[in-house]
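Q: So the protein lines, in turn, are chains A and B.
So in numbering that gives the first Met the number 0, spot 106 of the first sequence is number 105, and the numbers just go up one at a time.
So in numbering that gives the first Met the number 0, spot 110 of the second sequence is number 109, and the numbers just go up one at a time.
Keep in mind that the hints were calculated from the coordinates and are not lab data.
Bear in mind the structure is a predicted one, so any value in this text is a computation, not a measurement.
From the three backbone atoms N, C-alpha and C, an ideal C-beta is built for every residue, glycine too.
Careful, some of the hints might be misleading.
[As the list claims (entries may be wrong)] FRET-style restraints, in silico, Cβ to Cβ:
| # | chain 1 | residue 1 | chain 2 | residue 2 | range |
| --- | --- | --- | --- | --- | --- |
| 1 | A | 35 | B | 337 | 21 to 29 Å |
| 2 | B | 199 | A | 172 | 25 to 33 Å |
| 3 | B | 576 | A | 19 | 26 to 34 Å |
| 4 | B | 392 | A | 28 | 19 to 27 Å |
| 5 | A | 172 | B | 155 | 31 to 39 Å |
| 6 | B | 199 | A | 70 | 46 to 54 Å |
| 7 | A | 85 | B | 155 | 45 to 53 Å |
| 8 | B | 321 | A | 70 | 53 to 61 Å |
| 9 | B | 182 | A | 7 | 42 to 50 Å |
Here is what each chain is made of, one letter per residue.
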Amino acid sequence: MVDLFSKLKENAALLWYEKTAYCLLCGNVSAEPVCLICQQTYFFPDLPRCDSCGKILAETKTRCRNCETGKGPKRLDKVTCLGHYKGAWKELVQQIKYKGQPYLLASLAEMIIPWVIRSLPPPDLVIPVPMHRDRLAQRGFNQAEVLASIISRQLVIPYQDLLDRIKDTIPQTTLGRRQRLRNLRDAFSVKPDYSDLREIVWLIDDVVTTGSTLEECAGVLKKNGVKKVYAFCLGAGKEE
Amino acid sequence: MLFYILAKDNEEFCFSPLPSAGLILGGWTRYLSPGLPLEKLLAITAELPDKKPTVQPVSAQPATPPFSPVLPSAPVINRDFENKLAQKLTKRMKKENMGVREKVWWQNISREALPEAFNIEVLQNETIYQEFLRMAEGRQLAENEFWIVEKELGVSTKELLGLMQKAVQSGNAAWLPIFEQVRSRYFCRRCGSSHYEEWPSLYGDTYTCLDCREIGPLNSLQILFRLHSVDVVGQTQMDTDKCEPDQTVRNYSLEFTFAQEKAAGELWQQVHRQKAKETLLWAACGAGKTEVCFPLIDSFLRQNKKVLFAAPRQDVVHDVQPRLQKNFSEYNIKILSGALPQDMEPSKLTVATTHQVLRFYQAFHLIILDETDAYPYEGSSVLEYGIRQALRPDGQIICLTATPSAEILSRVKSRECTIVRLPARHHGFPVPVPEWQKNRLTGDRSVVKLKKILLELITDGPILVFVPTVALVKEWTGVLKTAFGDLCVEGSWSSDAARRKKTVLFRQGDIDIFVCTSILERGITIKGVQVAVLFADHALYDARALVQMAGRTGRSAECPVGRAVFIYAKQTRAMIEANRWIQDQNRLAEEWGCLNG
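Bound conformation, chain A alone (with noise of 0.2 Å):
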């Protein structure tokens, strides 16, 4: 009865007042998810990023200095991310991640959508990062694919599961960016059912360091047949 009461409660209040929204990584009063003050110092809507790794870039140019030198990830036809990977954002990206909260990312829908839009070309399928079975079956959700079939979903592109992670490697985060390359080597295959692949495709994660994982991933779609693989990350790093 007190439930009931309290449930009529809130519903009646929300014909009259407008529900008070939150910033989600400040925490202050926001009509946005984010508000103002944390796009600025998280999400720099207006560095460019790196063309290869997605890395924000403090000037003018399309590659961070790692991938003009030839280190960065070659398959990738562009990456984009959405914010530096750092304080309330990297926090709430482990949140959702590790702690069980991807439905924050549908919250976060009408930041992602208009910045994906505005970075990366058309494409004509949406693929998620896959995660092994193992480690899928322990979190209970891969995040690329929440995030990816709210990408889908927004913007009406297809979206297809084809990527297999058929060997159950170390946590990227453990290793260094050599042993991340070698970590990563066969790690991923397309699904049997899908061959001779001749799209254009959104590749999606949720945080790009090195871009190994993306560019491992790529290989294996481009051997395929895949045309183009332009990539989308939640965080990158910054280069200062």
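Position chain B relative to chain A; hints supplied.
A: Leaving out everything else, chain B in the frame of chain A:
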């Protein structure tokens, strides 16, 4: 975390996250693959029509309240049931459209090919096991806290799971899914809330609790590990007469006044003689109510019982812990608050914020709940649930407040809660009755008027200026900085990163005027402090908040008098009530003959 159904050759079954530990611990020889979240496995076994809800009898298993069912650790069933179970699992996985593609089948667990590698010696080492029991006793550990135990015990995740399984099989502990379904609703076992976010996972509909997220979010794919308290009653219980409140037993940091001694004695009577389940200690602000509880705490500790001192706010917890440590120096007093890293060191006397109490289950014999009417505890069913859950079934609660809520007073009226009064401050001076100053606080003239009042107050000591909102803290800190160029003026609010640092500076006397929201409204004693409440007629201020703010003055014996000024535009009911409340307390103190100031 994924769980498996384990089977013995004699057709016994149980649930475990680690099939290999089952083989080592109890001769479980088969397990049903694939693993699923415990919640799903329980739903599958509960659905079987011929399932016998028999639970292996376990000794010393405490009675479980409706919210904490112990898992059926070993229902006895026949072989056919094994096949039915496998069929049911397959059907359920299809019906719920689970993304698990593995074949359902019974696999053998053999010593030679253990599915998980870990050091068997850890499981067999009694010293490590006892240390683990000591650490986790009375706790409910969520999956995201296991790493702390692993670190402190120096074991791996799988070794810890093995130790946990050992405790479950001995009947001292239970694995529990985070959510419990009651009819069509789901309740979080840690905080009792049914406020959750639903999302689709690999295993179908999944829920994340929204009310206890602050201490680490939990979802329905995860589990809670509860280790019941070892019952100390009977082993070390002393005769009540042998632990009468006797100040000669230990040297407290203060001499009890007549009023305090009377209150301590009454409290003793209620708890030890009347066995009152809940007692309200209604004391005047600055009456020394925490200290009045010392003899009671001492008696419980001497009986080897566990005591919790809980308060809704971090500031209060950090203020009380040193006072307790000073008086109970032989105990290592554990402090738990969001400001400190978590550890598992057990303690007989724990001081914690009410949020941290959610980590305990039937752990304490005595809970002293300070500032019961303060935010965020007041009106929070989750925090109240946490306190009740942390109390042992035979435990007792003492609620301390200077401003009891209508709800607790009605429980006193209906005799569900007993009451003890402490109307006088320890130094014998009355609580200063607030003065009222009309000032709209708009325009330059009002600032001049305010400055005049503050200049009067500053001659007696530093000033605590209360304002109702964070925006007003920022605005009035600026205004007062301009008005008092030669004085140090600072402001702080709950989410201010420098809050603790500024509070310490104010305590040390390095800040002259400290503007703040209700953060310093309670539980803080600062020598010689004077109080000004700006916008005292604000809707946010009820009578209790005003009494608390005014009660910051004249608390210490060195400066027993002080002034509290309410700056207002329009007189409110809360202001009248606050003054009346303070005057009533002072009158009662006078009647008791406790005033000498």
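Q: Do residue 392 of chain B and residue 28 of chain A keep their Cβ atoms within the hinted range of 19 to 27 Å?
A: 44 Å Cβ-Cβ, so the 19 to 27 Å window is violated.
Q: The hint says 42 to 50 Å between residue 182 of chain B and residue 7 of chain A; measuring C-beta to C-beta, is that right?
A: At roughly 20 Å between Cβ atoms, residue 7 of chain A and residue 182 of chain B fall outside 42 to 50 Å, so the hint is violated.
Q: Are residue 199 of chain B and residue 70 of chain A spaced within 46 to 54 Å by their CB atoms?
A: Given range 46 to 54 Å: violated, Cβ gap about 39 Å.
Q: Quick check on a hinted range of 21 to 29 Å for residue 35 of chain A and residue 337 of chain B, using CB atoms only.
A: 28 Å, holds
Q: With respect to the beta-carbon atoms only, verify the hint that residue 199 of chain B and residue 172 of chain A lie 25 to 33 Å apart.
A: Cβ of residue 199 of chain B to Cβ of residue 172 of chain A: about 26 Å, so the range 25 to 33 Å holds.
Q: Range hint 31 to 39 Å: satisfied by the CB atoms of residue 172 of chain A and residue 155 of chain B?
A: Since residue 172 of chain A and residue 155 of chain B have Cβ atoms about 19 Å apart, the given range 31 to 39 Å is violated.
Q: Range hint 26 to 34 Å: satisfied by the CB atoms of residue 576 of chain B and residue 19 of chain A?
A: 29 Å, holds
Q: Are residue 321 of chain B and residue 70 of chain A spaced within 53 to 61 Å by their CB atoms?
A: 54 Å, holds
Q: Quick check on a hinted range of 45 to 53 Å for residue 85 of chain A and residue 155 of chain B, using CB atoms only.
A: At roughly 31 Å between Cβ atoms, residue 155 of chain B and residue 85 of chain A fall outside 45 to 53 Å, so the hint is violated.
When the structure is compared with the earlier hints, violations turn up for hints 4, 5, 6, 7 and 9 and for no others.
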